[in-house]
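Student: This is what each chain is made of:
There are 2 protein chains.
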Amino acid sequence: MSSLEEIAMLLDNSGSILLSGHVFPDGDCLGSVAALGLALKKKGKEVVMASPGLIPGNFSFLPVIGDFCTEKPAREFFDVMIVLDCSESDRLGNFGRYLNQSANVICIDHHLEPNELGNLNYFDSDAAATGEIVFDLIGLLDVSIDPEIAACLYTAIVTDTGNFRYEKTTAATLRKGAILMEAGIDASGINTLLFEENPLSAVLLMGAAINSIKISPGGSVAWMVVDLSMLARYSAQDGDTDGLINVARTIKGVEISILFREIAPGTYKISFRSKHKADVSLLAAKFGGGGHARASGCTVIGELEEMEAKIIKEALLEVAKVGKE
Amino acid sequence: MSSLEEIAMLLDNSGSILLSGHVFPDGDCLGSVAALGLALKKKGKEVVMASPGLIPGNFSFLPVIGDFCTEKPAREFFDVMIVLDCSESDRLGNFGRYLNQSANVICIDHHLEPNELGNLNYFDSDAAATGEIVFDLIGLLDVSIDPEIAACLYTAIVTDTGNFRYEKTTAATLRKGAILMEAGIDASGINTLLFEENPLSAVLLMGAAINSIKISPGGSVAWMVVDLSMLARYSAQDGDTDGLINVARTIKGVEISILFREIAPGTYKISFRSKHKADVSLLAAKFGGGGHARASGCTVIGELEEMEAKIIKEALLEVAKVGKE
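Chains as they are written, first to last, in my numbering: chain X, 1 to 325; chain F, 1 to 325.
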C-alpha cells in the first residue's frame, strides 16, 4: 500500500487528473470526488470530475456538481486517474477504460477487502467515509479548506456515517466535522437538503410499507413487502424505496430486516440488513446475491409467499448462529 | 443572569442537592440531570436526581437511571434545587414544591424566553442542548468526565441535536462530542439503543400516522393526527409518538409540520416543527403554548376539525411571513 504522502507527491507532479466515484453514486463518493477535484483545481491542475452513474437530485446542491462529467471527458488520456470510494473496475461504468488510458492510477477506499486497482493504493477500512481520507489528503496537498470544499467533505462524511452515528465514527471524525463547520458551511442547511427533502410519494410509500410489516414469532426477523401495485398507487419513483428497510430494523428485538421489492411481475429485489451481529452476506449468498455483513441483497423470481417462507427460514438460521432467537 | 462560575461555587459550598428535569422527560433533561448528578456525587454531595415524568423505556440504559426519584425524595429540604432544561415551575410536577423547600434554586436552560425561576439562573439559547451547558459546568466543578458521565452527556446532546444535525449544532458541539467519545463510551451502541430499539407499537403507529398526513394546497404545511383510538389499536405507550412529527417535516416543500395528539377525549397536545425559517414559537404562543423557533407546542381542548382549520390557517400565515407559500 502507498502512503497518502506518496499520493500527494504524485498529484503535485501531475497535470491532467480524472477523478471518479462509483455507479449508483452516494454522498461519500460524490462529495469526495468534488472536494478533491476542487482542491486540485486550486493547485492549477486540469481536472475532470466524473460520475459513472446518474447523480440523484438531492445532491444537486453540491458545489461543482453541475460540472461533473457523466458521459465522455474532453480528453482521452490523463496523467492520473483517481478512483474514490470503490476499488472494482466494473463499478466504474464508462470510466473503467481510463484505467488503461492514464499514466498512473490512484485508488482510495474505505471498504472491506479492496482490490489493488491502482499502482498507488490507499485503503483504510477504519475510516468512517472516503471523505475522511480525502480530508487528510487535502491537508497534505497544502490546500486550505474553503467553504466549497468543506460542504463536499461534510456531505461525504454525514451521509456515510448516518450523521456521525454509525460504528466507524470516531472522535477524529467529529473533530473533522468541527473543522468543516468552522470553514463556514451551513451545516444544518446541508442536512436539510440531504435528509429532509423527501418526495411525498416516498413518505406515503413508507406508511404503506410499515403496514406490511410482519415479524417472526420470536421477534428477531422483520420483513416488509413493496409490490408493483403499491409503487403504482403512490406514483413512486426510483429511490423512493431507499431507506425503507431501515425502518424495520429499528424495531426493538429485530436483528435482521428484509425488504421484498417487486421490480417486475413476480421478480423481487430482496434487501437484507442486520443490527448487531448476524452476517446477512451469507444469507444473500444462499439466494445468489451478496454484499456486506450488515447490508446485502439478491434478486429472486417466483411466488411471493413461497419465497417469503424460504427466506425467513434461512434468516432465522442466521440469527440462531449468533444466538439472538 | 449568573455566571456558570457562580453556580459552580454555590454547588461547591452546598451539601444536599436536588436535580430535576421536566415532565415528559427527554434525552436532554434526563442526560443532563444524570451527568450533573454523577459529577456532584463524585464531589461527595448528597444528591437526589428527579424526573417529574415517567421515564421512557429507551433511556433505561442510562447510568444511574434506576436511582432516579419519580415520586417523593427521602428528604424534605435541600440546600440547592437545580432545575435543568426547563424554567417553568408547572413543568416540574411533584417536584415544583421543592422550589420553596430549597435554600437556593439554580435554573439552567437553553430554551427561548426563559423565566427567572431560580435565584441563580443561567440561560443560553444558543446552546444546542442543556447537556452542552452541563458539560461546561462539570468542567468548572473540576470533575473529570468518566465514561458514565460521558454517556449521559452524549445522550443529552445527540437527542437534542438530532445527531449533530439541527441548526444550533456548532463546531464546539462536535468537539464536545469528540471529548465524550474519547472518555470511552460506546457511541454507536448508545445510538442503537436510542434510535434503533423502537417498540413495534411505535413503528406501527408511525405507519398509521403517515396514513393520516394531510398537506396544505401549496405544500408548505403538513399535519398528522394521532387520536386515542389509534393509540389503543397499537397499545401505544407514552413516548411512542416521539419523532412522528419529524416524518411530516421531511417531506419536500414542507416548511411547518404539525402533530395533533389526543391525550384525553377532546384534548390535543399539538406539536409544531419548522424546517427553514418559520418561527413556530409564535404559532404555539397564539394557542397558549411556547417553545423554540423550530420546535414548539401547545395543548388545546375542542373539536378536532375546527381546531385543525384554525391552526392550519395560522400556520400558513407564519409560512407567508417568511415567503414560503
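It should be emphasised that the hints constitute simulated quantities derived from the structure, not laboratory data.
Hints are supplied without guarantee of correctness; some may be wrong.
List of simulated lysine to any residue pairs, SDA-like, C-alpha gap at most 20 Å [what the hints assert, rightly or not]: (1) F:K277 - X:G162; (2) X:K321 - X:P265; (3) F:K214 - X:N211; (4) F:K252 - X:G288; (5) F:K277 - X:D186; (6) X:K168 - F:D186; (7) F:K214 - X:P199; (8) X:K252 - F:E197; (9) X:K168 - F:P56; (10) X:K277 - F:E197; (11) X:K168 - F:I179; (12) F:K275 - X:A202; (13) X:K252 - F:K252; (14) X:K252 - F:P56; (15) X:K168 - F:P147; (16) F:K168 - X:A202; (17) F:K214 - X:S281; (18) F:K252 - X:A236; (19) F:K252 - X:D186; (20) X:K252 - F:G239; (21) F:K277 - X:F195; (22) X:K168 - F:A178; (23) F:K168 - X:K168; (24) F:K214 - X:E196; (25) X:K214 - F:L200; (26) X:K275 - F:L194; (27) X:K252 - F:A178; (28) X:K252 - F:Q237.
Student: Taking the hints in turn, state whether each one holds.
Tutor: Taking the hints in turn, this is what the structure says about them:
The straight-line distance between the Cα atoms of K277 of chain F and G162 of chain X is roughly 24 Å, outside the 20 Å bound, and the hint therefore fails. Between the alpha carbons of K321 of chain X and P265 of chain X the distance comes to roughly 34 Å, so the proposed pair goes past 20 Å and is violated. About 18 Å separates the Cα atoms of K214 of chain F and N211 of chain X, which keeps this hinted pair within 20 Å; it holds. Using a Cα cut-off of 20 Å, the hinted pair K252 of chain F and G288 of chain X is violated, with the two alpha carbons roughly 37 Å apart.
With a C-alpha separation of about 14 Å, the suggested pairing of K277 of chain F with D186 of chain X holds against the 20 Å cut-off. Restraint check for K168 of chain X and D186 of chain F: satisfied, since their Cα atoms lie roughly 11 Å apart, inside the 20 Å limit. For a cut-off of 20 Å, the pair hint linking K214 of chain F to P199 of chain X stands: about 14 Å separates their Cα positions. The straight-line distance between the Cα atoms of K252 of chain X and E197 of chain F is roughly 4 Å, inside the 20 Å bound, and the hint therefore holds.
Proposed proximity of K168 of chain X and P56 of chain F is contradicted: the alpha carbons are some 28 Å apart, above 20 Å. For the proposed pair K277 of chain X and E197 of chain F, the alpha carbon gap of about 15 Å is at most 20 Å, so the pair holds. Proposed proximity of K168 of chain X and I179 of chain F is supported: the alpha carbons are some 16 Å apart, at most 20 Å. At roughly 18 Å between alpha-carbon atoms, K275 of chain F and A202 of chain X fall within 20 Å of each other, so this suggested pair holds.
Proximity of K252 of chain X to K252 of chain F is assessed by CA-CA distance (about 29 Å); at most 20 Å being required, the pair is judged violated. Among the hinted pairs, K252 of chain X with P56 of chain F is consistent with the structure: their alpha-carbon atoms are about 14 Å apart, no more than 20 Å. Pair hint K168 of chain X plus P147 of chain F holds up; C-alpha atoms about 19 Å apart against a cutoff of 20 Å. With a CA separation close to 28 Å, the supplied pair K168 of chain F and A202 of chain X exceeds the 20 Å bound.
A C-alpha spacing of about 40 Å is found between K214 of chain F and S281 of chain X, which places the hinted pair above 20 Å, so the restraint is violated. Annotation: proposed proximity of K252 of chain F to A236 of chain X holds, straight-line Cα distance about 14 Å (limit 20 Å). For a cut-off of 20 Å, the pair hint linking K252 of chain F to D186 of chain X stands: about 19 Å separates their Cα positions. Restraint check: the Cα-Cα separation between K252 of chain X and G239 of chain F comes to about 14 Å, which is no more than 20 Å; the hinted pair holds.
Simply put, K277 of chain F and F195 of chain X have alpha-carbon atoms about 17 Å apart, close enough for the 20 Å limit, and the pair holds. For the suggested pair K168 of chain X and A178 of chain F, the alpha carbons sit about 13 Å apart, so the restraint of at most 20 Å is met. Distance restraint check for K168 of chain F and K168 of chain X: the Cα-Cα separation of roughly 24 Å exceeds the 20 Å cut-off, and the hinted pair is therefore not satisfied. Under the criterion of a C-alpha separation no larger than 20 Å, the hint pairing K214 of chain F with E196 of chain X is consistent with the structure, at around 17 Å.
The suggested pairing of K214 of chain X with L200 of chain F holds, with an alpha-carbon distance near 10 Å, which does not exceed 20 Å. Restraint check for K275 of chain X and L194 of chain F: satisfied, since their Cα atoms lie roughly 13 Å apart, inside the 20 Å limit. Between K252 of chain X and A178 of chain F the alpha-carbon distance is near 28 Å, which puts this suggested pair outside the 20 Å criterion. Annotation: proposed proximity of K252 of chain X to Q237 of chain F holds, straight-line Cα distance about 14 Å (limit 20 Å).
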